[in-house]
Amino acid sequence: MPFEILNKQELVPTIYLMNIAAPGIARKAQPGQFVILRIDEKGERIPLTIADFDRKNGSITMIFQAVGRTTMHLASMKAGDELLDFIGPLGNPAHIEKVGTVILVGGGVGVAPVFPQTRAFKEAGNKVISIIGARSANLLLWEDRMRKVSDELFITTDDGTKGHHGFVTDIVKKILESGEKVDRVVAIGPPVMMRAVAGVTRPFNVKTIVSLNSIMVDGTGMCGACRVLVGNETKFACVDGPEFDAHLVDFTLLMNRLAIYQPEEKMALEKYKCEREGCKC
Amino acid sequence: MLERQKMPVQDAKIRATNFNEVALGFSEKQAIEEAKRCIQCKKPSCMKGCPVEVKIPAFLKYVAEGDLDSAIKEIKTDNALPAVCGRVCPQETQCEQVCVLSKKGASVSIGRLERFVSDRERKKGVDTPEKPKPTGKKIAVVGSGPAGLTAAADLAKMGHSVTIFEALHEAGGVLIYGIPEFRLPKEIVRAEVEYVKKLGITVLLDHVIGKIENVDELLSEFDAVFLGTGAGLPVFMNIDGENLNGVYSANEFLTRVNLMKSYKFPEYATPIKKGKSVVVVGGGNVAMDSARCALRLGAGHVTIVYRRGEEEMPARAEEIEHAKEEGIIFRLLTNPVRIIGDGKNWVTHVECINMHLCEPDTSGRCKPAPTSGTEHKIEADVVIIAIGTSPNPLVPRTTKGLEITKHGTIVAKENGETTKIGVYAGGDAITGSATVISAMGAGKKAARAIDEYLKGQ
Ligand SMILES: Cc1cc2nc3c(=O)[nH]c(=O)nc-3n(C[C@H](O)[C@H](O)[C@H](O)COP(=O)(O)OP(=O)(O)OC[C@H]3O[C@@H](n4cnc5c(N)ncnc54)[C@H](O)[C@@H]3O)c2cc1C
Ligand SMILES: Cc1cc2nc3c(=O)[nH]c(=O)nc-3n(C[C@H](O)[C@H](O)[C@H](O)COP(=O)(O)OP(=O)(O)OC[C@H]3O[C@@H](n4cnc5c(N)ncnc54)[C@H](O)[C@@H]3O)c2cc1C
Ligand code: SF4
Ligand code: SF4
Ligand code: FES
Chain A
1 MPFEILNKQE LVPTIYLMNI AAPGIARKAQ PGQFVILRID EKGERIPLTI ADFDRKNGSI
61 TMIFQAVGRT TMHLASMKAG DELLDFIGPL GNPAHIEKVG TVILVGGGVG VAPVFPQTRA
121 FKEAGNKVIS IIGARSANLL LWEDRMRKVS DELFITTDDG TKGHHGFVTD IVKKILESGE
181 KVDRVVAIGP PVMMRAVAGV TRPFNVKTIV SLNSIMVDGT GMCGACRVLV GNETKFACVD
241 GPEFDAHLVD FTLLMNRLAI YQPEEKMALE KYKCEREGCK C
Chain B
1001 MLERQKMPVQ DAKIRATNFN EVALGFSEKQ AIEEAKRCIQ CKKPSCMKGC PVEVKIPAFL
1061 KYVAEGDLDS AIKEIKTDNA LPAVCGRVCP QETQCEQVCV LSKKGASVSI GRLERFVSDR
1121 ERKKGVDTPE KPKPTGKKIA VVGSGPAGLT AAADLAKMGH SVTIFEALHE AGGVLIYGIP
1181 EFRLPKEIVR AEVEYVKKLG ITVLLDHVIG KIENVDELLS EFDAVFLGTG AGLPVFMNID
1241 GENLNGVYSA NEFLTRVNLM KSYKFPEYAT PIKKGKSVVV VGGGNVAMDS ARCALRLGAG
1301 HVTIVYRRGE EEMPARAEEI EHAKEEGIIF RLLTNPVRII GDGKNWVTHV ECINMHLCEP
1361 DTSGRCKPAP TSGTEHKIEA DVVIIAIGTS PNPLVPRTTK GLEITKHGTI VAKENGETTK
1421 IGVYAGGDAI TGSATVISAM GAGKKAARAI DEYLKGQ
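Top to bottom, those sequences are chains A and B. Per my numbering, residue 1 is the first one in the first sequence, and the count goes up by one each step. Per my numbering, residue 1001 is the first one in the second sequence, and the count goes up by one each step.
Bear in mind the hints are in silico, worked out from the structure with no lab data behind them. Just so it is clear, the structure is predicted and the values come from calculations on it, not from any experiment. Where hints are given, some of them may not hold.
[Stated by the list, open to error] Here are some, though not all, of the chain B residues that point toward chain A, as calculated from beta-carbon distances under 10 Å:
#1 K1211
#2 L1259
#3 K1273
#4 L1394
[Unchecked claim] Stretch-level coverage of chain B by chain A, calculated; a stretch enters the list once three of its residues show a Cβ under 8 Å from a Cβ in chain A:
#5 1165–1171
#6 1197–1208
#7 1221–1234
#8 1239–1246
All C-beta atoms in this analysis are idealised placements derived from N, C-alpha and C, irrespective of residue type, glycine included.
In isolation and in its complexed conformation, chain B is listed as follows:
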């Protein structure tokens, strides 16, 4: 069997000081070699692992033959954001996990090849997609994250007229404000959003639905509404000292750095506290991204404090690996109990306690419990809380008849249908924080359901 191609990356020491992309991408030669590893299964199991149903063997065959134009065309019939997915999809638990070759060693690098062909197309100039015959139906999409963009793109391809309403001043959701430049360059997100716009979609930025217009008003102008509002409400720990100066929610920290470009302060006007000793609380992608941003802003020490063990960390293995290479310190089985200030309201330390794992809880993970008498302090002038987010209540609060669960997520069927007629939802808004590709899968399903609904009207 051919060996899996290695992804070239920026050296860890150098990349820890800049915001340029960590992974550099395959060369054309590498890409073709890698694609040749695919054995073109008759019943390709890989496709079952892709929520947006990319025809994986078909595009890989084109790559292996060197027909890269056909490869990207093939991908784009199902996936409007391939350069994004190729970078941030957790492929190891999606398509690549179920590729037959993974049992025999290493799966085909499906995501990296997706990235390669879409990067090549972008450099070359993206083809304008054909416009289908208009159906005369109008759909409002609320939120421009992966769920909203995918639903919008699919609906536009069906011939519907789509308008996206986005609260922030830039489209992309977490792809723009959350995931940092060094993992997903914003120029790439912008290019994929431009492609979606070329499908004929109108994007209205600076439109907070629930404020400037509510869903009921949208329903009087549009035939259906899709809610892809994400899960952007930060959760705090409710411990002492959380409001001290220097304590950030991960959302605030990452929004300042990514959306507002405060790493370029004062050229860009939004400031950020560049800590010397930074403590990040949490073990997901959000914690890794916060820690690695803090490091790149110039922190001397960045420590991740996580209450379970490494096995239990929800972050992608690759991100944990990259963080370690860059020198992020991991304090596992450790949990903050309070944040301590200097008397002038500035944070100086985080007091933590050691944890031990007990029997597995309902999620199958081991429930951690504090070990008494192990309290200790970690120095910190910036603390970032990255323990999760929940859906923003703005839309449910201002929409009559839209049911939500006790966790604040919107109640919706498998196809995205909510409890309100004509209103569909998908992505983090119904699942709580999940992944880019699951949000895109939900957007795709909802687009089909909306199309059915409109036909029945």
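Only chain A is shown next, with the shape it has when bound in the complex:
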């Protein structure tokens, strides 16, 4: 049962938005959940967060960064093309409730999964402060959308081309130090960023939630590839997560395990480029 790509758009360099026709999944999707897709018979199964869903049109929105063979292949596809497999909604929905004031932090492509949660926390009656960060202004995602669902929005760039010159953690720290009562922090982005946010919020004892992007195969709890240590217990990110209490997560292990296939990923990417662009090899 192939799944049609309804549209594709390059949002900022290397980051793409794609809508997929998947009415069954759209009917059930909740913020915080993800899908696993496989492009074709020889493809790898890769997880991507559900960045948005449209129950009426039966479609799922994903935002992904082209970093390797599969995501680059995906980026080369266009509206009307089909994906062989599209599985979901996987993982547990984000825990959305009225707690008071919530800070939502999205780093890089992590802004995409943070958006539906920001909207949901706002709808649940919370005061929502969001912080979105990128390396540079031209890589900043979904500023408009985020602004619409936030009471306050902060922007940071590593190179200072827009907003605060520095990291998202600088802003989190400033807010917490200002004495504002913050009841929850949600941070999604690269593991280094999530670890840094956890480090900033720990001394203030603010409950902090992160979404872990460990390597996955089946996404149903069958293989254990996605295992992470949380509070010194082994958990499977695909079925026990992907969200966990940031103060209990072993981020070093997460980062180590994300590097398992680096040499193979490099080789696969080179082969992919060779086949696409033609080369002398």
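The hints should help you fit chain B with the ligands onto chain A, whose structure is shown.
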């Protein structure tokens, strides 16, 4: 008495370097000779050993007469997956164990003959089965392993409309993601699944029940539900170092190799770590399969570490024999105590301790105990943990009123009836890891019970 025919196999040295099937199959002449050994018992004891009730003497008679078309027809009235069973059924503890000839030397090679006639039919082109009169009843089958496929096939033959929901992108359960190509070619599993589909069954892949739909929702669309979700949750040992890079659960390792075809990486996109020194922990079929896959991926040494002795190994004797021939090293009465890394999070060694057997435990096997002071290290850059699996909690967690045991298995009666009305279950999901044929037997029983239930509605 005629002598038992030998199964031709690929030479051990050559097969250790490829994923082609190890056993090559009987020739027609061999098959007929072998079938002639059956003495056509009036009260055939062999049939008591077959959970799906294949009419063994009847099909053997056809083979002996050279009427191979009738032979396969006879088998298929009871068994929808004969080419699979002929390969992976533990016949030595099933039908062949209770064949009268086994007392007088060697039983008839029932499984191998089943394999022969179904392989022949597949090469020739499989007949489309007749479709019975529809009953108008709809049944959802969750899981497409041997239990689900058998229940679905039997229900379809009774005239019910059946839809299978499968979480993965291919149907077959362990037959597809677990058992490797060299023991059970995937092309054969696909062909048997195609046959099941020809009975009129719809197979919906990529459908994780409990996520896209739960059992209660299925019950509003279907008249009954069969759960054949297997026992796919990997068990770890909870020892130090288990999360190091290079340490796999057998499920992950085998899924990458079989389902994702990572032995063909980079042509297929899913990578796998090809170790130089591989240690596999466990003594069942899963451990043998993992070890033999690692060897075929190019490992220099593959060592199986098992805490009991060879007698106690749950793997089939034939698989242990094949593994030995291929050069797998067996370290018996040995148990890992921790896994050691290089400081950069990559595994380098497994520290083990010697074990000795004490008095038998409740399972009748001897309980092993560590011998202190015997700690030693085995070099390893890949470690595969194959010490067992338990049922996946996804369905029980999302189904109201479905009771499970403290081991996570679904509570069900002999006929598959669960604690929830209209919901039946069978296979590894209720027994924990068992065998293909016991799962098929459970699927068959549940199909009968579901039929009864629907008639009473
Ligand atoms: C639950 C979950 C949700 C995710 N959601 C998104 C999303 O919404 N958008 C998105 O762009 N990505 C997301 N990811 C990450 C995405 O799955 C990977 O980027 C993708 O698998 C890379 O595949 P590839 O073949 O293109 O690259 P590969 O060749 O596999 O990897 C290329 C590079 O990316 C890094 N990488 C590989 N896997 C991951 C990973 N899981 N996380 C981070 N870096 C990785 C590698 O270390 C390497 O440097 C998510 C991951 C998980 C587990
Ligand atoms: C490596 C290995 C080697 C083996 N070798 C042998 C052998 O030689 N001989 C032998 O007799 N037995 C062998 N076994 C055991 C045998 O394979 C199993 O006992 C048998 O497959 C159990 O069948 P089943 O139908 O109950 O479950 P499975 O085969 O496990 O099938 C269950 C199916 O349900 C699907 N599923 C699970 N949850 C959901 C859900 N929520 N929604 C939708 N689908 C779901 C799974 O994806 C899977 O496809 C082996 C097992 C392994 C792992
Ligand atoms: S018990 Fe053995 S000899 Fe007797 S009918 Fe069965 S297969 Fe033939
Ligand atoms: S299905 Fe298995 S147990 Fe039954 S006759 Fe065939 S090999 Fe024997
Ligand atoms: S991805 Fe296989 S268990 Fe989580």
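Verification of the supplied hints:
1. K1211: Holds - the Cβ of B:K1211 comes within 10 Å of chain A, reaching about 6 Å at its closest.
2. L1259: Hint on B:L1259: holds, closest Cβ of chain A at ~8 Å, below 10 Å.
3. K1273: Status holds, d = 7 Å.
4. L1394: holds, 6 Å
5. 1165–1171: holds (count 3)
6. 1197–1208: holds (count 5)
7. 1221–1234: It holds, with 3 qualifying residues against the three required.
8. 1239–1246: Three-residue rule met by the region 1239–1246 of chain B, so holds; n is 4.
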